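Protein chains: 2
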Amino acid sequence: MKISIIGAGLIGGSMALKLREKGIARFIYGIDHSQQHINDALELKIIDAEADLEQGVRNSDLIIIAIPVDAARKLLPDVLDLVSDHQTVMDAGSTKAGIVNAVKDHPKRSRFVAFHPMWGTENNGPKSAIAESFSGKAGVICNKEESADDALNTVEKVVNALDMHIIYMNAEDHDIHTAYISHISHITSYALANTVLEKEREEETIFQLASSGFSSTVRLAKSHPEMWVPIFKQNKENVLDVLNEHITQLRKFKAALEKENYEYLEELITNANRIRGILR
Amino acid sequence: MKISIIGAGLIGGSMALKLREKGIARFIYGIDHSQQHINDALELKIIDAEADLEQGVRNSDLIIIAIPVDAARKLLPDVLDLVSDHQTVMDAGSTKAGIVNAVKDHPKRSRFVAFHPMWGTENNGPKSAIAESFSGKAGVICNKEESADDALNTVEKVVNALDMHIIYMNAEDHDIHTAYISHISHITSYALANTVLEKEREEETIFQLASSGFSSTVRLAKSHPEMWVPIFKQNKENVLDVLNEHITQLRKFKAALEKENYEYLEELITNANRIRGILR
Chain A
1 MKISIIGAGL IGGSMALKLR EKGIARFIYG IDHSQQHIND ALELKIIDAE
51 ADLEQGVRNS DLIIIAIPVD AARKLLPDVL DLVSDHQTVM DAGSTKAGIV
101 NAVKDHPKRS RFVAFHPMWG TENNGPKSAI AESFSGKAGV ICNKEESADD
151 ALNTVEKVVN ALDMHIIYMN AEDHDIHTAY ISHISHITSY ALANTVLEKE
201 REEETIFQLA SSGFSSTVRL AKSHPEMWVP IFKQNKENVL DVLNEHITQL
251 RKFKAALEKE NYEYLEELIT NANRIRGILR
Chain B
1 MKISIIGAGL IGGSMALKLR EKGIARFIYG IDHSQQHIND ALELKIIDAE
51 ADLEQGVRNS DLIIIAIPVD AARKLLPDVL DLVSDHQTVM DAGSTKAGIV
101 NAVKDHPKRS RFVAFHPMWG TENNGPKSAI AESFSGKAGV ICNKEESADD
151 ALNTVEKVVN ALDMHIIYMN AEDHDIHTAY ISHISHITSY ALANTVLEKE
201 REEETIFQLA SSGFSSTVRL AKSHPEMWVP IFKQNKENVL DVLNEHITQL
251 RKFKAALEKE NYEYLEELIT NANRIRGILR
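Chains as they are written, first to last, in UniProt numbering: chain A, 1 to 280; chain B, 1 to 280.
It is possible that part of the hints are untrue.
The list makes no distinction among identical chains, and a pair is therefore deemed to hold if it is satisfied within one copy or across any two copies.
[Claimed, not checked] Simulated pairs of lysine-lysine, BS3-like, Cα-Cα distance not exceeding 30 Å:
1) K108 with K74
2) K259 with K199
3) K252 with K199
4) K236 with K259
5) K252 with K74
No lab work stands behind these hints: they were computed from the structure.
Note that this is a predicted model, so its numbers are computed, not measured.
Put together the whole structure using the sequences plus the hints.
As structure tokens, this is what we get:
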């Protein structure tokens with residue numbers, strides 16, 4: 001089929017590469033505000049041609065919106081205005097309630113399938129795109145009952161081609177779960193980077209000493225604000241809930257240390273170790 | 001040379017494998033309270049023979065202490081009591097001021113070299129040992145002026161054989177830097193695991209959704225209390241300093257979200273992104 005990728009960056013680009021490899025995509029239009037991204041995507045054969053929004057959308061069987069979540073929510077109604085009953089629109093955003101609510105009453109709502117691939121890195125742009133990015137990861141489809149059967153089938157075919165396992169979920173539940181499973185990790189990582197940058201004045205020492213443990217906890221702090229401010233904004237209530245709980249949990253470690261209560265400290269750590277049974 | 005490894009676990013075992021591979025170790029004694037570790041280490045050819053403390057120490061050119069930091073601090077004076085001026089003792093602990101102070105006035109102080117390899121994983125035991133673990137990482141030698149030249153030379157040869165780059169540091173400075181570069185990462189990771197385990201009741205959902213970002217931030221929460229309680233205990237003041245700063249930094253994210261001050265949120269994230277220039 002013919003596909004338009006709106007946002008030829010890390011996520012859109014990785015999807016394009018894999019869908020072409022799997023023979024799902026015969027022709028791919030790239031739509032992006034950044035001429036640099038378009039040029040890179042053309043050169044890397046991620047897309048076949050540049051298009052403007054109307055041209056791309058009108059000529060595609062599938063339109064994939066892979067731009068920051070606030071922009072996606074704003075753009076989706078315009079895209080749906082352009083599509084016929086033979087076309088499918090999907091997004092790839094990290095928050096789902098906002099976008100689903102934005103088109104709740106749109107006459108073409110059923111052409112849209114709300115999707116979130118549980119993958120990302122701290123990098124961005126088409127040069128970071130990798131075909132195998134999604135393999136083995138979860139692909140969440142939200143509010144599937146609001147999508148037409150054929151649109152849903154198209155997206156399921158796409159998600160299978162990405163080698164992801166599909167999870168169906170309500171958009172509100174999705175946003176609660178991702179606050180825990182993804183959004184809070186980014187906040188702790190940003191805060192950890194700021195902690196170190198604030199107090200550890202010897203940058204050379206950071207660089208020389210940094211252990212693999214530190215690098216893996218701080219890796220996410222490299223993620224760009226263009227993507228993450230909109231996510232935190234759209235999922236504000238859930239993120240605040242989790243953040244409050246996280247600060248409470250950190251205070252327990254603080255109390256254990258201040259009171260030199262090492263039995264309690266051991267208890268806190270032993271409890272945290274239970275994550276071994278869940279994350280393999 | 002002949003080497004005794006006291007604590008034939010992840011760190012001691014990995015050092016043994018590499019030192020044998022490099023031809024530095026001709027014969028390796030294993031000394032460990034855990035018979036299981038001894039049996040595993042023998043089977044994996046990490047050690048050549050089991051020994052008790054006195055037998056191992058008396059017959060070795062180099063004694064490597066790779067046990068939890070509180071136990072190491074307690075044991076080191078006994079080991080130094082046993083050694084002659086032709087033998088060298090090194091440790092591999094994550095805190096350094098405590099152990100250095102414990103032997104400050106020991107008549108054999110100069111036979112000891114305080115060492116910390118900046119590597120570890122959330123796993124333990126000889127079965128997790130890997131010869132290449134240390135390659136390219138930093139190996140910190142503390143208070144080198146308190147060690148005899150020949151003992152220092154021996155340890156430098158060992159650290160080079162581990163393919164680590166050597167950093168010399170004062171023990172107090174080491175403990176401040178590692179509070180930032182390693183210890184706080186473990187606390188945030190434990191607290192993050194506890195946050196998720198406290199509020200996210202659907203363990204199956206955690207497992208299914210967990211993204212690579214979450215896994216990398218929570219990975220350290222699998223680390224065992226036997227190792228980490230003693231580290232936090234010995235580095236309490238520094239860890240508390242950093243933890244307080246970290247909670248302050250998290251509160252800034254909380255304030256930005258609560259007040260819907262997204263310019264401030266962007267500023268916080270942009271500041272955190274500076275870690276890109278430091279951690280490559």
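Item to complete: Give me the numbers of the hints this structure contradicts, sorted from smallest to largest.
Response: none
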